[in-house]
Amino acid sequence: MGISIELEVNGASVSKEVEPRLLLAHLLREELGLTGTKIGCDTSQCGSCTILLDGQAVKSCTVLAVQADGSEVTTIEGLANGEYHPMQQAFWDNHGLQCGFCTPGMIISCVDLLNSNPQPSEDEIRHGLEGNLCRCTGYHNIVRAVQAAAETMNG
Amino acid sequence: MYPSKFDYHRPSSVQEAVQILADNPDAKVLAGGHSLIPVMKLRLAAPAALVDIGRIDALQSISRSNGSLRIGACVTYNEIANSADVQEAAPLLAEAAGQIGDRQVRYRGTIGGNLSHADPASDLPAAALALGATLHVAGSGGSRSVSASDFFVDLMMTALQADEILTEVEIPAAGAGTGSAYVKFEHPASGYALCGAAAVVTRDAGGSCTGASLCFNGVSATAVSAAAAASGLVGSDLSDGAIDSALSGMSIPDATGDMFASAGYRQELARALGAQALRTARDRA
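Note that the protein sequences, when read in sequence, are chains A and B.
This note's numbering numbers the first residue of the first sequence as 14 and each following residue consecutively.
This note's numbering numbers the first residue of the second sequence as 2 and each following residue consecutively.
Extracted from the complex, chain A is given alone in its bound form (with noise of 0.2 Å):
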């Protein structure tokens, strides 16, 4: 049984008919192309999944896609606007990854984590960060980016 819906996926609609079962990141990533967005755990631990739905990080191997139906979704792809995004900036900058499969989960939770708070201490960008894992192990430079975004953003 086919279930229509609709969201808006990086400032452009798309409408749909998915099986109830279909979750978000394989909705981002199958139907819509956008393979951004990484599967890594696929047990709602690692975050690289990350997405943010009406403006709020989620794990998109959790949510099915008929629970986003009418929201707005913001992957990756959607961060840059001609320009990077300055927290993809300071990634660039700050040498915020090794591998790389993290990443844009990571830059994903790093956005929403200043959208909630835009001057976190070192302590609060770990802490807030806990939903991500790197297991390259590069927290170091990660924090160092959050922590060079929140000055530009902070302008």
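Check before you lean on any hint, since a few could be wrong.
What the hints assert, rightly or not - Below, computed lysine-lysine pairings styled on DSSO-like, alpha-carbon distance capped at 30 Å:
1) B:K6 / A:K29
2) A:K29 / B:K29
3) B:K42 / B:K29
4) B:K42 / A:K29
5) B:K6 / B:K42
6) B:K6 / B:K29
Calculated directly from the structure, the hints in this document are not laboratory data.
Since chain A is already given, all that's left is putting chain B on it; use the hints.
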């Protein structure tokens, strides 16, 4: 991984939701989905239908009236942790909710889903017990109220019938002289509580304890109240010595031993974290 096939229902009222449940005995209720969807992906659960209550307006709000705090079943951990009403009327619940999982999980997980799932290692059941919460439930036969102490029946089993939905959690607002604390020792990978201690104490103007409750997550198959230890504190000055003495003989019945921690270690954690939670609650009272 993806779940096995199911029918999807998205009712717009509680009444409609319970009717769908009554008509579909193999249906499960979907709220935030952060416990249910993972077990469905692992095929540990394969319900024939999901009833998504996430869009029912009546389940989304936090309100205060007549000395009570009322929280709709679909209010998220993030909303609870950051709500000024909850922080003031039931700070224990806000503190516990803020320690669940991670940011992403707290945006999706709900109080109703949490309590109905009744995972003993989760953080809210002990807080609900310690706060003397009343759980309002709706079913096809009508509505009823269940006290938190009667709600948790066994491992991941509650007093909810198959056609019932937890709709609202009601908590008596904290009075003057009341302090509370939630402290947990979490599994380093999962973040679940190997033991979580929820304490509430009330002191009179002279500093003497007039009421105490101490409840635990993670130690046994359900959240439990250490009522005997807590009642031993009433009348005391809540000094460190009084707390240690009240906890010295405490033993949680049927403590769980598993690959993460032995039953004896969990008992020891309960004594240590119980004391820590009580001391912090005292200092806040």
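Outcome of the hint check:
Simply put, B:K6 and A:K29 have alpha-carbon atoms about 18 Å apart, close enough for the 30 Å limit, and the pair holds. With a CA separation close to 25 Å, the supplied pair A:K29 and B:K29 stays within the 30 Å bound. A threshold of 30 Å between alpha carbons decides the hint, and for B:K42 with B:K29 the separation of about 14 Å falls inside it, so the pair holds. For the hint pairing B:K42 with A:K29, the CA-to-CA distance comes to about 22 Å; that is within 30 Å, so the pair holds.
Annotation: proposed proximity of B:K6 to B:K42 holds, straight-line Cα distance about 11 Å (limit 30 Å). Between B:K6 and B:K29, the direct Cα distance comes to roughly 13 Å. Compliance with the 30 Å bound is thereby established for this hinted pair.
Checked against the numbered hints listed earlier, the structure breaks none of them; every hint is satisfied.
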